[in-house]
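Student: The residues making up each chain are set out below.
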Amino acid sequence: NAGVTQTPKFRVLKTGQSMTLLCAQDMNHEYMYWYRQDPGMGLRLIHYSVGEGTTAKGEVPDGYNVSRLKKQNFLLGLESAAPSQTSVYFCASRTGGQNIQYFGAGTRLSVL
Amino acid sequence: EDQVTQSPEALRLQEGESSSLNCSYTVSGLRGLFWYRQDPGKGPEFLFTLYSAGEEKEKERLKATLTKKESFLHITAPKPEDSATYLCAVQAAQGGSEKLVFGKGTKLTVNP
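From first to last, the protein sequence lines are chains A and B. Those letters in the first sequence? Residues 1 to 112, per my numbering, in order. Those letters in the second sequence? Residues 1 to 112, per my numbering, in order.
Treat the hints with care, since some could be wrong.
Derived Cβ-Cβ restraints for the label pairs, each shown as a range [said to hold, decoys possible]: (1) A:G16 - B:G54: 47 to 55 Å; (2) B:T76 - A:S84: 35 to 43 Å; (3) A:D62 - B:A53: 17 to 25 Å; (4) B:G54 - A:M27: 30 to 38 Å; (5) B:D39 - A:E59: 44 to 52 Å; (6) A:M41 - B:A77: 28 to 36 Å; (7) B:E1 - A:Q98: 18 to 26 Å; (8) B:E1 - A:G40: 15 to 23 Å; (9) B:E55 - A:S18: 29 to 37 Å; (10) A:E59 - B:K63: 25 to 33 Å; (11) B:K63 - A:G16: 46 to 54 Å; (12) B:R12 - A:A105: 39 to 47 Å; (13) B:R12 - A:L69: 44 to 52 Å; (14) B:E15 - A:G77: 42 to 50 Å.
To be clear, the hints were calculated from the coordinates, so they are not data collected in a lab. Note that the structure is a prediction, hence the values are computed from the model and not measured. The beta carbon of each residue, even a glycine, is placed where N, CA and C say it ideally should be.
Construct all of the structure, not just a fragment, from the sequences and the given hints.
Tutor: Structural data, given as structure tokens:
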């Protein structure tokens, strides 16, 4: 049982490049989330999904897009990366009951 | 706007020296308060959920309590392996209840 798996673990991009972060969960969870964590800022919600085929904006959605085509996968896209998007990105998932979120190990992204 | 403030930002303890971490919150109706532990280079790991004032939960050397304005995470006789960043989060009862709002965390270091 792997839980929540994020790929890649590390990535370096140049300004203007695009990339997709993949989050996969094997717990049959309905809800999935993408956060970013910056020093001194805490975890901030980017986008989330309440079920397959749905997405919604969080606190800091600008510059990111998401898709939830399959229940087990939640993709985070950066169309044109900017240095301000340098951060650690965490994916989380949970069931439809209590809001106990299970987190992946994170993706460390640097945009030069 | 829902807000979570954690104090202190950092805390150093000697092994066996008990202390408490504070989480103050402002939320439009509390649906739940959550404590997570985060080790360096890893994603947050769920510890406790509290739902109503007066509620307490315990796990090994940790005990979480809740009032109408704040929560405390009491650490009794800590060990070096308790060193981590402890995150507090709240879920509002109204509007966007699928989301958690996180504090910036308290970094705990326990010296042997």
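Student: Now tell me, hint by hint, if it's right for this structure.
Tutor: Here is what the structure says about each hint:
no. : hint                       : verdict
1   : A:G16 - B:G54: 47 to 55 Å  : 54 Å, holds
2   : B:T76 - A:S84: 35 to 43 Å  : 42 Å, holds
3   : A:D62 - B:A53: 17 to 25 Å  : 37 Å, violated
4   : B:G54 - A:M27: 30 to 38 Å  : 32 Å, holds
5   : B:D39 - A:E59: 44 to 52 Å  : 24 Å, violated
6   : A:M41 - B:A77: 28 to 36 Å  : 32 Å, holds
7   : B:E1 - A:Q98: 18 to 26 Å   : 24 Å, holds
8   : B:E1 - A:G40: 15 to 23 Å   : 19 Å, holds
9   : B:E55 - A:S18: 29 to 37 Å  : 46 Å, violated
10  : A:E59 - B:K63: 25 to 33 Å  : 31 Å, holds
11  : B:K63 - A:G16: 46 to 54 Å  : 50 Å, holds
12  : B:R12 - A:A105: 39 to 47 Å : 27 Å, violated
13  : B:R12 - A:L69: 44 to 52 Å  : 47 Å, holds
14  : B:E15 - A:G77: 42 to 50 Å  : 46 Å, holds
Going through the hint list in order, the structure does not satisfy hints 3, 5, 9 and 12.
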